[in-house]
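Each protein sequence line maps, in turn, to chains A and B. Counting in our numbering, the first sequence runs from 1 upward without gaps. Counting in our numbering, the second sequence runs from 1 upward without gaps.
Simulated from the structure, these hints should not be mistaken for lab results. Even glycine gets a Cβ: it sits at the ideal position worked out from N, Cα and C. Heads up, some of the hints might be wrong.
[Stated by the list, open to error] No farther apart than 30 Å at their CA atoms in a straight line, the calculated lysine-lysine pairs in the DSS-like style are these:
| id | chain 1 | residue 1 | chain 2 | residue 2 |
| --- | --- | --- | --- | --- |
| 1 | B | Lys44 | A | Lys68 |
| 2 | B | Lys51 | B | Lys27 |
| 3 | B | Lys27 | A | Lys52 |
| 4 | A | Lys60 | B | Lys27 |
| 5 | A | Lys68 | A | Lys49 |
| 6 | B | Lys44 | A | Lys60 |
| 7 | B | Lys44 | B | Lys71 |
[To be verified] Some chain B residues judged to face chain A by a derived CB distance under 10 Å, without partners named:
| id | residue |
| --- | --- |
| 8 | Val4 |
| 9 | Gly28 |
| 10 | Ser30 |
| 11 | Gln37 |
| 12 | Glu40 |
| 13 | Leu43 |
| 14 | Met46 |
| 15 | Ile55 |
| 16 | Gly59 |
| 17 | Phe65 |
| 18 | Cys92 |
| 19 | Ala93 |
| 20 | Ser95 |
| 21 | Gly107 |
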Amino acid sequence: GNSVTQMEGPVTLSEEAFLTINCTYTATGYPSLFWYVQYPGEGLQLLLKATKADDKGSNKGFEATYRKETTSFHLEKGSVQVSDSAVYFCALRTSSASKIIFGSGTRLSIRP
Amino acid sequence: NAGVMQNPRHLVRRRGQEARLRCSPMKGHSHVYWYRQLPEEGLKFMVYLQKENIIDESGMPKERFSAEFPKEGPSILRIQQVVRGDSAAYFCASSPFRGIEDTQYFGPGTRLTVL
Numbered sequence: 001g002n003s004v005t006q007m008e009g010p011v012t013l014s015e016e017a018f019l020t021i022n023c024t025y026t027a028t029g030y031p032s033l034f035w036y037v038q039y040p041g042e043g044l045q046l047l048l049k050a051t052k053a054d055d056k057g058s059n060k061g062f063e064a065t066y067r068k069e070t071t072s073f074h075l076e077k078g079s080v081q082v083s084d085s086a087v088y089f090c091a092l093r094t095s096s097a098s099k100i101i102f103g104s105g106t107r108l109s110i111r112p
Numbered sequence: 001n002a003g004v005m006q007n008p009r010h011l012v013r014r015r016g017q018e019a020r021l022r023c024s025p026m027k028g029h030s031h032v033y034w035y036r037q038l039p040e041e042g043l044k045f046m047v048y049l050q051k052e053n054i055i056d057e058s059g060m061p062k063e064r065f066s067a068e069f070p071k072e073g074p075s076i077l078r079i080q081q082v083v084r085g086d087s088a089a090y091f092c093a094s095s096p097f098r099g100i101e102d103t104q105y106f107g108p109g110t111r112l113t114v115l
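Looking at chain B on its own, in the form it has when it is part of the complex (with noise of 0.2 Å):
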């Protein structure tokens, strides 16, 4: 069973350029969580998904930071007119259902560096 899987790994690019994220869940997880780590610190949460549905978003910036989880394909996070302060590292994590007893299964990671 391949665990989370996301691509790119390593992304690079330049101010106002647009980043997309992928991010393929565990075979059987319905959940999927956005976490961004800031050199030298710890994660925090962004968005949280199930299929075609946002549940809880309240880490997401205002402003363009979005994301989605369609009934086919990966869950993206896109991130528009990329700023030097967008650079980090993006995991995504995944869970089979939502409860306290739950594990999140974490991605390697993409690291987004704009230049």
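Pulled out of the complex, with its shape left as it was, chain A reads as follows (with noise of 0.2 Å):
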């Protein structure tokens, strides 16, 4: 079945250090792929997506890039802030299904 793994939290940063939680997935056909942040006590945020393979997703100084020969989309960014602290859901959609199937998470922290 489609699923999504991602790499194991709480995950923790000092402020400006280079970030990358690893994600794959597994799934039928050509999915998109997501990526979901959320904030303490609130819901998930789209933080940015990509639909066909080697597409570059990018929003906030977050980059992730679709790749079909590792079924990877790793999320990256340069240099965190202490706002960036929150949970990150990657994720994936096919296109025989509306619904989206989430990875567990991974708790981010960053240290000023």
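Each chain sits in its own coordinate frame; assemble them with the hints.
Pasting the structure below:
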């Protein structure tokens, strides 16, 4: 079946450090891939997405590239800020279904 | 344009009571999705509805749970005879149409606590 696996947290970094959160997926066909962010006590916000192989999604300094050959969609940011502290979810959606399948989430904490 | 609205934000129920969760989609959106997030876990799909129709309920528990999206008014997720295991955050999302490139916009969630 379709699934998403992302690195377990928590991840703790110092401000201005480089961030990578790994995400790999299993899916039939050609899914769309997403990163969502959840700030404390809030709902999910779409951070970025990519709909086909080699697409790069980007937003707020975050980037992720759809790698079909490695079935990956790793999230990166060159210099994190304290305000980036949140839980990050990798997710996919296939053309044959409307539901989104989420990874288990990675909690990120940034130290000043 | 207001976002997806959910109420109540927090709901406390005793075992055996009923819980009703409401979701008002974004203006112009006719597709609604419900997801459940158990503590320290990701979101799990429950049900997908269009106006007056249930399109996909493959994630709904077979008993005690039901959902509707009437022609007028919000979508309702109803949980009868709640048990402690129903304690979770329930998120609603809406979209304007169905398609792989369609974006689902999430509400702030309802956090249900069953005592």
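Task: Those earlier numbered hints the structure runs against, lowest number first - done: 9, 10, 17
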